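Trainee: Each protein sequence line maps, in turn, to chains V and F. Per our numbering, the very first residue in the first sequence carries number 2; after that it's consecutive. Per our numbering, the very first residue in the second sequence carries number 5; after that it's consecutive.
Hints listed in this document are in silico derivations from the structure and should not be mistaken for laboratory results. Fair warning: there could be bad hints in the mix.
[What the hints assert, rightly or not] Every beta carbon over 10 angstroms from chain F, so not counted as near; a handful from chain V, in silico:
1) Thr-83
2) Glu-89
3) Ala-188
4) Leu-203
5) Asp-273
6) Val-311
7) Gly-322
8) Gly-340
9) Asp-345
10) Asp-428
11) Thr-464
[What the hints assert, rightly or not] Only part of the chain F face toward chain V is listed, based on derived beta-carbon distances under 7 angstroms:
12) Thr-137
13) Leu-139
14) Met-183
15) Arg-213
16) Leu-214
[As the list claims (entries may be wrong)] Which stretches of chain V does chain F cover? Using the computed rule of at least three CB atoms under 8 angstroms from a CB of chain F, they are:
17) 361-370
18) 409-420
Note that this is a predicted model, so its numbers are computed, not measured. Each residue gets a CB set at the ideal place from its N, CA and C atoms; glycine is no exception.
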Amino acid sequence: MLSVEFRGFTWRHAGRRAPAVADIDLRIEAGERVLLLGPSGSGKSTLLAALAGLLTTDSGEQRGEVLLDGRDAAAQRGRVGTLFQDPETQLVMARSGDDVAFGLENQAVPREAIWPRVHEALEAVGFPYPPEHPTHALSGGEQQRLALAGVLARRPELILLDEPTANLDPEGAASVRAALGEALADAAATLIVVEHRVADILNLVDRVIALGPGGVLLADGPAEAVFAEHGDTLAAQGVWVPGIPLPTAPRPAPGEPRLRGESLALTHPGADRPALAGVDFELRSGELLAVTGPNGSGKSTLALLAGGLVAPTRGKATVRGERTALHRLPANRLATRVGSVFQDPEHQFVTATVRSELAFAPHAAKWPRDRIDARVSELLERLRLDHLAEANPHTLSGGEARRLSVAGALAAAPGALLLDEPTFGQDRRTWGELVDLTAGIRDEGAAIMAVTHDRDFVEALATREIALEDGRVRSETSRC
Amino acid sequence: MLTIVPICGPHAPIARANPVAKLFAVIAVSTAALAAADWLTPLLLLSALAAAMPFTGIRWRPLLRRLRWLWLAAGAVAAGNAFFAAEQTGTILLSLGPMELGSESLVNGVALGLRVCVAATAGVLGFATTDPTDLADALTQQLRTSPRFTIGSLAALRMLPLLAAEWRQIITARRARGMEGGRNPLRRARLLASTMFTLLVGAMRRAGRLAAAMDARGFDSEVPRTYARVQRMRRPDWFLLAAAVVVSAAAIATSAALGVFELLV
Numbered sequence: 002m003l004s005v006e007f008r009g010f011t012w013r014h015a016g017r018r019a020p021a022v023a024d025i026d027l028r029i030e031a032g033e034r035v036l037l038l039g040p041s042g043s044g045k046s047t048l049l050a051a052l053a054g055l056l057t058t059d060s061g062e063q064r065g066e067v068l069l070d071g072r073d074a075a076a077q078r079g080r081v082g083t084l085f086q087d088p089e090t091q092l093v094m095a096r097s098g099d100d101v102a103f104g105l106e107n108q109a110v111p112r113e114a115i116w117p118r119v120h121e122a123l124e125a126v127g128f129p130y131p132p133e134h135p136t137h138a139l140s141g142g143e144q145q146r147l148a149l150a151g152v153l154a155r156r157p158e159l160i161l162l163d164e165p166t167a168n169l170d171p172e173g174a175a176s177v178r179a180a181l182g183e184a185l186a187d188a189a190a191t192l193i194v195v196e197h198r199v200a201d202i203l204n205l206v207d208r209v210i211a212l213g214p215g216g217v218l219l220a221d222g223p224a225e226a227v228f229a230e231h232g233d234t235l236a237a238q239g240v241w242v243p244g245i246p247l248p249t250a251p252r253p254a255p256g257e258p259r260l261r262g263e264s265l266a267l268t269h270p271g272a273d274r275p276a277l278a279g280v281d282f283e284l285r286s287g288e289l290l291a292v293t294g295p296n297g298s299g300k301s302t303l304a305l306l307a308g309g310l311v312a313p314t315r316g317k318a319t320v321r322g323e324r325t326a327l328h329r330l331p332a333n334r335l336a337t338r339v340g341s342v343f344q345d346p347e348h349q350f351v352t353a354t355v356r357s358e359l360a361f362a363p364h365a366a367k368w369p370r371d372r373i374d375a376r377v378s379e380l381l382e383r384l385r386l387d388h389l390a391e392a393n394p395h396t397l398s399g400g401e402a403r404r405l406s407v408a409g410a411l412a413a414a415p416g417a418l419l420l421d422e423p424t425f426g427q428d429r430r431t432w433g434e435l436v437d438l439t440a441g442i443r444d445e446g447a448a449i450m451a452v453t454h455d456r457d458f459v460e461a462l463a464t465r466e467i468a469l470e471d472g473r474v475r476s477e478t479s480r481c
Numbered sequence: 005m006l007t008i009v010p011i012c013g014p015h016a017p018i019a020r021a022n023p024v025a026k027l028f029a030v031i032a033v034s035t036a037a038l039a040a041a042d043w044l045t046p047l048l049l050l051s052a053l054a055a056a057m058p059f060t061g062i063r064w065r066p067l068l069r070r071l072r073w074l075w076l077a078a079g080a081v082a083a084g085n086a087f088f089a090a091e092q093t094g095t096i097l098l099s100l101g102p103m104e105l106g107s108e109s110l111v112n113g114v115a116l117g118l119r120v121c122v123a124a125t126a127g128v129l130g131f132a133t134t135d136p137t138d139l140a141d142a143l144t145q146q147l148r149t150s151p152r153f154t155i156g157s158l159a160a161l162r163m164l165p166l167l168a169a170e171w172r173q174i175i176t177a178r179r180a181r182g183m184e185g186g187r188n189p190l191r192r193a194r195l196l197a198s199t200m201f202t203l204l205v206g207a208m209r210r211a212g213r214l215a216a217a218m219d220a221r222g223f224d225s226e227v228p229r230t231y232a233r234v235q236r237m238r239r240p241d242w243f244l245l246a247a248a249v250v251v252s253a254a255a256i257a258t259s260a261a262l263g264v265f266e267l268l269v
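Let's have the full structure, built from the sequences with the hints guiding it.
Mentor: The following block contains the structure:
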């Protein structure tokens with residue numbers, strides 16, 4: 002096991018003026034299990050990268066020291082194991098067993114010792130398939146457990162977990178947490194975890210360190226003490242502090258029907274069962290219809306069909322005042338009827354500035370100049386993006402990018418808005434912003450459909466909920 | 005989904021052969037085909053490849069699906085060379101206004117097309133029976149290629165299906181924004197360029213994360229790597245390689261004996 006020490010550590014990424022972290026002094030004893038908290042941009046990931054020896058001299062400028070057992074961390078990369086956030090970019094090999102073996106080959110473990118260690122690690126994380134199983138056929142949760150096996154097989158003395166469940170659906174996240182609990186319970190290693198969803202990880206740690214903006218040390222101690230004293234501050238910074246209630250908003254009475262789906266069905270070419278097997282729905286102005294269900298139940302497909310983005314195999318989606326089915330409308334007209342917001346905001350950015358991003362759909366719909374200008378100013382102000390009007394969309398922070406993608410979908414004033422996992426992977430502060438924003442749009446009379454795994458989001462905003470299973474509606478509940 | 009997995013039964017003799025043996029076998033056959041300028045040598049090689057099919061464990065249908073574009077290209081090479089030969093020689097077979105087709109030009113064109121066909125088919129047979137991981141392992145162990153380059157390429161290859169899926173998502177997201185190619189070529193070009201840009205931004209970020217994850221697992225350390233699987237030439241591998249060389253030489257010898265062989269100069 003390794004002890005960890007930062008001495009006056011400062012790191013500035015190449016090309017940035019402000020340092021990512023400044024003057025960090027911190028000591029973690031061998032065998033301690035630490036939860037590291039802090040708002041976005043407080044430098045948590047930079048600290049982990051420094052410990053993992055991944056900050057190279059050509060990628061930035063360092064002052065101070067990072068020590069593992071009293072010696073420079075950069076020279077001891079082999080003793081540290083890191084589990085990152087994104088399962089897709091952690092797997093290197095096509096076969097699961099090979100992927101675990103990859104880290105052992107790099108460590109120059111003799112061949113006869115490799116396979117027993119691979120099997121042992123796969124077993125420790127509860128990997129349910131044989132080692133030949135192809136990695137591309139794994140779900141996100143399974144991929145992440147395989148990556149964990151890859152970390153554990155190297156027998157690291159310091160384990161770093163960088164938001165290990167943030168990119169997973171609730172089911173996958175639960176399976177990874179279970180695997181972490183099992184596998185780390187008796188691992189002889191020091192542990193540092195970065196995680197916003199605090200409640201899920203508390204049983205793994207015995208010390209909480211909270212950083213404030215700019216990397217200053219805010220609090221340090223046992224979890225109960227830290228949350229009792231600094232809970233509100235941390236919640237305001239985006240940490241999901243356990244026991245602090247989430248806001249709920251009153252729900253208005255729904256108005257006229259806006260968007261209607263009639264027996265919408267889609268079977269992908271070559272698939273043996275339909276992705277969506279005939280779903281009817283009606284969406285009224287001023288209501289938020291939550292679409293829930295497990296992965297593969299057809300939620301996202303429903304959003305694509307309802308938004309006229311993909312042609313259904315059967316059935317159609319229509320809006321009030323438009324006879325043509327949505328999937329047959331030209332894109333510029335479609336954008337004035339329904340707005341769709343995707344999970345990855347960057348996929349939707351089509352221009353080089355925030356301002357032109359908002360003007361794009363109204364311009365495509367041939368609105369007059371002054372109407373476009375008025376609309377853009379209104380949206381910039383309402384979504385608090387006015388100070389960023391000339392910024393490149395690809396440079397925005399996570400929360401800003403999401404607000405912009407919502408604003409872009411609303412720009413041509415569609416009567417209906419479709420959201421796919423709007424709160425996925427967000428910290429508590431961005432979550433709160435998105436809930437307020439969505440409530441405002443709903444209360445002004447838009448009809449909203451939100452595909453989501455997020456129970457808190459449903460509780461806060463939904464007026465109705467339909468749960469899908471195997472491409473069909475399993476149940477419908479009213480929440481007024 | 006787009007995948008790069010082999011399309012053969014895993015237990016066929018050629019599927020189990022060493023990747024480097026297969027690589028050199030493919031090179032032998034292709035070299036013979038490309039060195040010959042006559043029509044008989046590539047035809048003999050093509051029948052030899054067909055005769056090898058049962059040993060590859062590949063089913064015909066997926067193979068033909070992979071080969072169709074390459075064969076179409078070979079057909080285009082044949083037609084192009086036949087019609088646009090510098091000089092139409094032999095009996096004139098066809099005359100369409102200024103276009104003429106002579107019998108000798110036709111034979112030459114077909115011969116050129118057949119050569120492309122042999123090289124393409126041999127390559128596809130080799131790759132369709134080889135797991136990319138095994139190929140990378142074999143290249144680094146037997147030919148001493150740099151692991152950083154070879155295994156890095158392998159990891160990049162694994163990302164390709166993800167890029168294909170992301171491309172479709174971006175196109176859909178563009179339609180939602182009111183951006184669509186339609187029939188206007190200018191708009192189509194703009195859509196293509198902006199989709200490429202978004203895909204590139206995503207790919208760069210992904211590549212950075214992948215590189216960090218690989219480094220975190222000790223990929224670029226100074227220690228020489230060990231290998232979980234041994235890749236080396238065994239007796240059947242030598243036999244495969246020898247067979248490929250002998251067959252290639254035999255094809256050339258046969259056409260030379262029949263007085264048809266011409267060396268490409």
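Trainee: For each hint, tell me whether it holds in the structure or not.
Mentor: Status of the hints after comparison with the structure:
no.	hint	result
1	Thr-83	violated (4 angstroms)
2	Glu-89	violated (6 angstroms)
3	Ala-188	holds (17 angstroms)
4	Leu-203	holds (25 angstroms)
5	Asp-273	holds (14 angstroms)
6	Val-311	violated (7 angstroms)
7	Gly-322	holds (18 angstroms)
8	Gly-340	violated (7 angstroms)
9	Asp-345	violated (7 angstroms)
10	Asp-428	holds (19 angstroms)
11	Thr-464	holds (24 angstroms)
12	Thr-137	holds (5 angstroms)
13	Leu-139	violated (11 angstroms)
14	Met-183	holds (5 angstroms)
15	Arg-213	holds (4 angstroms)
16	Leu-214	holds (4 angstroms)
17	361-370	holds (count 4)
18	409-420	holds (count 3)
Comparing the model with each earlier hint shows violations of hints 1, 2, 6, 8, 9 and 13; every other hint is respected.
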